[in-house]
Amino acid sequence: MDSFWRVLLLQDHNTRVVLAGACLFGAAAGLAGTFLLLRKRSLLGDTLGHATLPGITFAFLMAESFGFSPRSFPWLALGATISGVTGMGAVLMIRKLSRLKDDAALAIVLSVFFGAGIAMLSAIQQLPGGQAAGLERLIYGNPASMTASDAWFVLAASLIVAVVCGCLLKEFTLLCFDEAYAITAGWPVRSLDALLMGLVVLVTIVGLQTVGILLVVALLVIPPAAARFWSDELRTVSLFAAAVGGISAVVGVLSSALLPGLPTGALIVLSAALFFGISFLLGKKRGLLMRYFVEREAARRLQREHVLRAIFECAEGADPVVSIDALLAKRPWKKSQLASEVGLLADEGLLTTDPGGSSVQLNGRGDIEARRLVRNHRLWEIYLLTHADVAPSRVDRDADLIEHVLDPRLVQELEDILDDKARERLVPSNPEKVQP
Amino acid sequence: MTSLPLEIRSLNVAYHRKMVLWDADLKIRSGRTTAIVGPNGAGKSTLLKAALGLIPSASGEILFYGEPLKKVRSRVAYVPQRESVDWDFPVSARDVVAMGLYKKIGWCLPVRSRHRRMADEALADVGLAEFAGRQISQLSGGQQQRVFLARALAQKAELHLMDEPFASVDAATEQAILALLKRLKDQGGTVVCVHHDLDTVAEYFDDVILLNMRVVAQGPASEVLTPENLRKTYGARLTLLDEAVVDLSRPGAPREP
Chain P
1 MDSFWRVLLL QDHNTRVVLA GACLFGAAAG LAGTFLLLRK RSLLGDTLGH ATLPGITFAF
61 LMAESFGFSP RSFPWLALGA TISGVTGMGA VLMIRKLSRL KDDAALAIVL SVFFGAGIAM
121 LSAIQQLPGG QAAGLERLIY GNPASMTASD AWFVLAASLI VAVVCGCLLK EFTLLCFDEA
181 YAITAGWPVR SLDALLMGLV VLVTIVGLQT VGILLVVALL VIPPAAARFW SDELRTVSLF
241 AAAVGGISAV VGVLSSALLP GLPTGALIVL SAALFFGISF LLGKKRGLLM RYFVEREAAR
301 RLQREHVLRA IFECAEGADP VVSIDALLAK RPWKKSQLAS EVGLLADEGL LTTDPGGSSV
361 QLNGRGDIEA RRLVRNHRLW EIYLLTHADV APSRVDRDAD LIEHVLDPRL VQELEDILDD
421 KARERLVPSN PEKVQP
Chain V
1 MTSLPLEIRS LNVAYHRKMV LWDADLKIRS GRTTAIVGPN GAGKSTLLKA ALGLIPSASG
61 EILFYGEPLK KVRSRVAYVP QRESVDWDFP VSARDVVAMG LYKKIGWCLP VRSRHRRMAD
121 EALADVGLAE FAGRQISQLS GGQQQRVFLA RALAQKAELH LMDEPFASVD AATEQAILAL
181 LKRLKDQGGT VVCVHHDLDT VAEYFDDVIL LNMRVVAQGP ASEVLTPENL RKTYGARLTL
241 LDEAVVDLSR PGAPREP
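Note that the protein sequences, when read in sequence, are chains P and V.
Note that the first sequence covers residues 1 to 436 in my numbering.
Note that the second sequence covers residues 1 to 257 in my numbering.
Source of the hints: derived by calculation from the structure; they are not laboratory data.
Bear in mind that the values here come from a model prediction, so they are computed numbers and not experimental data.
Where hints are given, some of them may not hold.
Claimed, not checked - The calculated PhoX-like cross-link candidates involving lysine-lysine, where the alpha carbons are at most 25 Å apart (straight line), are:
1) Lys18(V) - Lys101(P)
2) Lys27(V) - Lys104(V)
3) Lys96(P) - Lys18(V)
Unchecked claim - Over 12 Å on every C-beta distance to chain P, these chain V residues come out as not near it, computed from the model:
4) Leu26
5) Glu61
6) Arg114
7) Met118
8) Met213
Stated by the list, open to error - Have a look at the derived ranges for each label pair, beta carbon to beta carbon:
9) Trp5(P) - Arg117(V): 54 to 62 Å
10) Ile118(P) - Lys104(V): 47 to 55 Å
11) Arg286(P) - Pro110(V): 20 to 28 Å
12) Gly133(V) - Ala339(P): 35 to 43 Å
Just so you know, even glycine gets a beta-carbon here, dropped at the ideal spot from N, CA and C.
Based on the provided sequences and hints, a complete structural model is requested.
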């Protein structure tokens, strides 16, 4: 517990370095990952991460045999970059030269490269001196081992990612949305694509130390996926993703201080997953709860309209007191449904029920509301009948008044048609004109 | 004489080892609307894509206004098939249309309010003024198609190459596209559409190119849409339709019930 507070209050220099480094990496991964996700290359990110392993182990062996420190991060990062990029190249080559589909090419490259890496790793583990410990931190991630110079490297990398994504926001947007159009408009799509993948490689290399090669894809994909639940606007999504990435990294590092037995990389990924879960449920734009409320609200509005219309139509030109049985005959609805809706309308002050609950009557306000709904409904009906060619795309049943959607002349025309039918059934006039 | 908007000489395209286009020769005349018509798998979309350099061609020469496409890109606008992109993408209708202006805006510079205004004007031209701020997944299929057209419109090109703009759209969109074709033509522009519907081709377009791996016939709709040419393009399957099509190909001819 004591160590937790030391971490939280940023008491030692080393903690500050680690937190800053992890946070910057998370933000950079969220930003670059937004475009990776939108380009539908998430799995390529995963393959890239795994494909760095043989490079790392090979670089380690080389350093060992040439006699300089095999644990220097830049040297291992160089090996990781070369083999990661080779892995991506292999995916592209398999895709181009064979008829194998993307998923197969990705799976082949991922497993073969990772297998080669594992083989070399076990060779290293058999070397005298137990040197492999230095490598494990790159596989599982261990930000605590981050030094100040590593943190500067992370800072430089995340600045590059931020500047490039900021400058090329519209170019990357076009690339991800519609590559074919971008080509015909004369954008150098190949170079843009290479640049974007270059950013992803950079983030992956930087992430080796923080979350490790196995989990780096999580921070590329989960933050933007979570952000997508909150916004429909790419700029907002990307900034949100950067924030989620950064915060997840910080939360992960802090919680690993609280739970010292658990690997930090995994905790970072789990906290990102927590954000994803929250967004999935509560996201403002596409969260589960929001969709549920929107759908329930729509169903409720429709139900309310049905009941009001049914009462109005039953009362039309007859007794204003309408029995529940008459309403039940009007539509295939359940008695309980109808009763609860009638109760809600009574609470709204639109109708009165008789003490026994067997009949209802619209009051003044309820009558106006029902007239409005019936008029809208009938005018839309006429519109659909008379303008079948263009109608469906214009009909907006949610609009309060048909006039809000169609122009007044057209509404007048529809009302004239309705007037002809007025002899058969009363057409309610526009209540807004009656009301002050 | 000024050069044709698009001229293709002996274009060959193969997917893997299967030939899709064989020595396709065609000329698109300036200031006219041209339909590329043919059965499924005839290489209609392939022809457009190969002309635009989106897929490699085995051999052949493609000239836009007498030059390779590289030199005249801004004069040529492409309207891809609606299904070719992910409409769940986090952008609004206005954002998509603004993509037609990106080249004008230039590298790294942001989309400014005057560009957004231009995008809104293009959207108004296709009857989508009130949908500018909508996320594109909340548009109907026809509206999405019109967003694509607006993007090409914003580009202010002279030659428009459209891949199946009339495919599965509602009547309102069909009318909007037709009005747009007419306007582009009135402004001296040239339009080439891949089209799938033989019934409407003579009514909607000035010229027709009948395609089935090779160009069967090309020229004014009334001359090209003969039973003989259609049989060559579609095979015997179409015999029953011949008369109806010939009727349609004569402008002003009454439709037989």
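Structure-based check of each hint:
| no. | hint | in the structure |
| --- | --- | --- |
| 1 | Lys18(V) - Lys101(P) | holds, 19 Å |
| 2 | Lys27(V) - Lys104(V) | violated, 29 Å |
| 3 | Lys96(P) - Lys18(V) | holds, 16 Å |
| 4 | Leu26 | holds, 18 Å |
| 5 | Glu61 | holds, 18 Å |
| 6 | Arg114 | holds, 15 Å |
| 7 | Met118 | holds, 15 Å |
| 8 | Met213 | holds, 22 Å |
| 9 | Trp5(P) - Arg117(V): 54 to 62 Å | holds, 55 Å |
| 10 | Ile118(P) - Lys104(V): 47 to 55 Å | holds, 52 Å |
| 11 | Arg286(P) - Pro110(V): 20 to 28 Å | holds, 26 Å |
| 12 | Gly133(V) - Ala339(P): 35 to 43 Å | holds, 41 Å |
In summary, the one numbered hint that this structure violates is 2.
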